[in-house]
Structure formats: C-alpha cells, structure tokens
Amino acid sequence: MWKKTEGDETMQDSQTDRPMLNTPAVSGTPGGAGKSATIGPSISINGDVTGEEDLVIYGSVEGTVNLKSNNLVVGDKGQLTANVSARVIRVEGAVKGELIASERIVITPNGSVTGDITAPRVVLEDGCNFKGSIDMDASKKPGKAPAQTAETQSRPSTSNGGGAKPQQPASNPNIRPVAS
Amino acid sequence: MATAFAASRPLQVVDDIAAESTSLGLKTIWNKFANGEKPRILDLGPARQAKVEYFQLQRSCQLRFNDLSEVVVRAHKNRLKQTSASRKKSKKKRQGTEFERLNLSDHMHCARDAQFDLILAWDFVNYLSRSQIAELARELGHYCCKGTLLHVFVANTATMPKKPAEFSILENDRIKLDSDHEVVASPRHAPTTIMSNMDKFQVMHMYQLANGYHEHLYDFKP
Numbered sequence: 000m001w002k003k004t005e006g007d008e009t010m011q012d013s014q015t016d017r018p019m020l021n022t023p024a025v026s027g028t029p030g031g032a033g034k035s036a037t038i039g040p041s042i043s044i045n046g047d048v049t050g051e052e053d054l055v056i057y058g059s060v061e062g063t064v065n066l067k068s069n070n071l072v073v074g075d076k077g078q079l080t081a082n083v084s085a086r087v088i089r090v091e092g093a094v095k096g097e098l099i100a101s102e103r104i105v106i107t108p109n110g111s112v113t114g115d116i117t118a119p120r121v122v123l124e125d126g127c128n129f130k131g132s133i134d135m136d137a138s139k140k141p142g143k144a145p146a147q148t149a150e151t152q153s154r155p156s157t158s159n160g161g162g163a164k165p166q167q168p169a170s171n172p173n174i175r176p177v178a179s
Numbered sequence: 000m001a002t003a004f005a006a007s008r009p010l011q012v013v014d015d016i017a018a019e020s021t022s023l024g025l026k027t028i029w030n031k032f033a034n035g036e037k038p039r040i041l042d043l044g045p046a047r048q049a050k051v052e053y054f055q056l057q058r059s060c061q062l063r064f065n066d067l068s069e070v071v072v073r074a075h076k077n078r079l080k081q082t083s084a085s086r087k088k089s090k091k092k093r094q095g096t097e098f099e100r101l102n103l104s105d106h107m108h109c110a111r112d113a114q115f116d117l118i119l120a121w122d123f124v125n126y127l128s129r130s131q132i133a134e135l136a137r138e139l140g141h142y143c144c145k146g147t148l149l150h151v152f153v154a155n156t157a158t159m160p161k162k163p164a165e166f167s168i169l170e171n172d173r174i175k176l177d178s179d180h181e182v183v184a185s186p187r188h189a190p191t192t193i194m195s196n197m198d199k200f201q202v203m204h205m206y207q208l209a210n211g212y213h214e215h216l217y218d219f220k221p
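Sequence order for the protein chains is L and W. Here the first sequence is numbered in numbering that gives the first Met the number 0, starting from 0 and rising by one per residue. Here the second sequence is numbered in numbering that gives the first Met the number 0, starting from 0 and rising by one per residue.
In case anyone wonders, no lab produced these hints; they're calculated from the structure. We put the CB at the ideal spot given by N, CA and C, even for glycine. Any given hint might turn out to be false.
Said to hold, decoys possible - Sample of chain L residues with no beta-carbon within 12 Å of chain W, all distances over it, derived:
#, residue
1, Gly-39
2, Ser-41
3, Ser-43
4, Asn-45
5, Gly-46
6, Lys-67
7, Gly-74
8, Asp-75
9, Ile-106
10, Asn-109
11, Thr-113
12, Pro-119
13, Arg-120
14, Lys-130
15, Ser-132
As the list claims (entries may be wrong) - Here are a few chain W residues that face chain L, going by a calculated C-beta distance under 7 Å:
#, residue
16, Gln-48
17, Val-51
18, Gln-55
19, Arg-63
20, Gln-114
Unchecked claim - With a Cα cut of at most 16 Å, we get these calculated EDC-like pairs of lysine to aspartate or glutamate:
#, chain 1, residue 1, chain 2, residue 2
21, W, Lys-162, W, Glu-69
22, L, Lys-130, W, Glu-69
23, W, Lys-37, L, Asp-134
24, L, Lys-130, W, Asp-177
25, L, Lys-130, L, Asp-115
26, L, Lys-130, W, Asp-66
Construct the entire structure; sequences and hints are all you get.
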C-alpha cells in the first residue's frame, strides 16, 4: 500500500522537473521545509505575496511574489500579473511580469509568459507561449521581486490576462498578502 | 572590416533545401564574441528550447524573443495576392504596385532604447519585398549600436518553404530546418538587392551553405 512520506510533499523534483500538484489546499506550517502551500482557484490576491515555503498558485495574483529560496508552481488555471522571485519557477498557467529564479524556470506546453525571465537554466517545453527576454546570467540571485512598474503593466497582455479582482486572504498563514 | 566572400564559385541553384547544414556564420559570430562581454541577442523567430540550450552552452547571454513570423507570413500572403492581381494589369501599372507596409514598430515589444549585439532574422527576407526588407532594416536599426551583427538566410533555391522555416541550432554550429512541406517559388533575391536595401547595415560575410541558403552577416555602421 502506498504511503505518503515527507519527501513526497516536496513540490518539485529537481531531476524530473515535475512538480507535486496534488498538495492539499492548506498544507504549509511555519518554517516547514519541504511543505508547500496552495492558493486555490477561487482566490485572487491583489498585493505582495512573500513566504519561506513552496507555493502552488491556481488562483490569481496581481502584485509581486517573493519566495526567496523556495519553489513556485503556477498551476494550469493560475494567473499572475506579478514580478516573481523564487528558486525554481514552473509555469503551467499564465504569467505576465518579470520572473527571476536562482536555479531554473520551466514553461510547460500550456504555459504562457509575457515578460522577462532571468535564470541560469531555462526550459521552454514544446508548445509553450513565451514573449520576452531570457537572461541566463547565473550570477544574478533572486532577491526581492521588483515591484510592478507602469511599463511592465502596459506590456501586451496574454489571452488569459485578468483584471483587478477583490482582495481575499491567502489560504496559508505563511503567505502574506500585503495591500498595495 | 574587410568583406569576405566564402563562396568564390558561381552561385548555384539547388532544387531542395537540406534539413541540416553547418552554419559558418555562427562560427564567425562566436569568434567575434569570444572575448567580449555576454552578448545581447534579439531573435526574431519563435522561442524554442533548442535555441535556448544552444545559447546556454555558448555562454551566459541575454536572449530576447520577438517573434515576427506571423507578420512575415501575412505580408508574404498579401504580396502573392497582389502580385497575382497585378499580372493582369499593364506593365506600367505593375511597376507602380506598392506592397503592404509591415508597420513593424507595432510588433516590436522591446523597449525603444534597448540595444543588441546580435540580431537573428533567419529566413524572413525571402518572404518580403525589397521595400519591406528596407523597412525591416530601418526598424532593426533602432535596436542596434555600432558593430551590431545581423544574421539572415537568403534562399538560393528554386523553391522555398511556403512559410518561414523553424531553425534549431544543434551542436557544432549545425543548423536544422523544420519547414513546411508545401513550397512556393523562391524570389532568389540577389545579394546586391538585399545589400542595397539594408539601410545602415553593411555586409561583412556571405557564405554559401550546403542546404542551398546563402548566409549573410551584416555589421551595423551608423
């Protein structure tokens, strides 16, 4: 019988690039290494999201996402209009903004990114939609994600680009929405 | 820099475009960037993993994708329609036929002050009229500084793919073409035709590749 282990809950396997997307809606604990939090599909956040654990976004976020040395997955229905900073970023949904990763950025076949990305390793899977620049400078470390600028926001939107939505609380105490 | 012509023999026309060929232009480009800072590259084709991997292997660099292939395909389609229609008119009227402007500034998503060291235009010039090539060169000039290189493939074959080919760069500077099986007559732009419409770009190298393309490398001299 299959038994779930702590290791199974890690969001992303560095060997396969495959994320764990069947994480529960709220799984993170403060400082819990190897855990990941989820922003569900009905949640939209208008502001800054910061945290020290892995995050899966199925909902929508406008603002910035800053996970320092943790991983981010934008799920297939996830929509970000945000500048993002993380260790590994995997995009299966739509992102408009600047992405900075210290390790790797992966855009899957259904993923769409409009904006500039910076990472030492970039994977564009067949069929993905990417408009922007790739900076493969390994010396750049993700710090705080740069705030959304007027220029970023005025870039051509993706077909999934959503408008501003009412602010709702994040589903995890470690993920802190900050009013913009 | 002295202009070098790798193909000293008469230009030959081949019937089919081979799938793979070594790109002498790429070798030249990397020789130029060997000791410099990381190059800023503008790729006018679609974003593809094979290209990203190639540039990751070469060196850390800044790579921007600004895919113009849809614009080029649309312009080519309209051009074929207009050419077909103009055949029915008198020669005098035909000479006055003006092809559609590309309005490229509407399709460039780079910051207006962005500058690049290398621009990859792939085989787009084969699908453009002379005036459209001139428009492309003028528009690209906004993103160039002294010494910026422009790389293009010019079809020297009797036919060419109906749509611009998708190019992958493999190991050892080998170029692989994935193209439509449908073909159309190639315009076979003469090198002088291209050169005379390249605005501030001056030819630096021309190579005849085994796949039937000419590879042109231009240097921006404002």
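Which numbered hints fail: 9, 11, 12, 13, 14, 15, 20, 24
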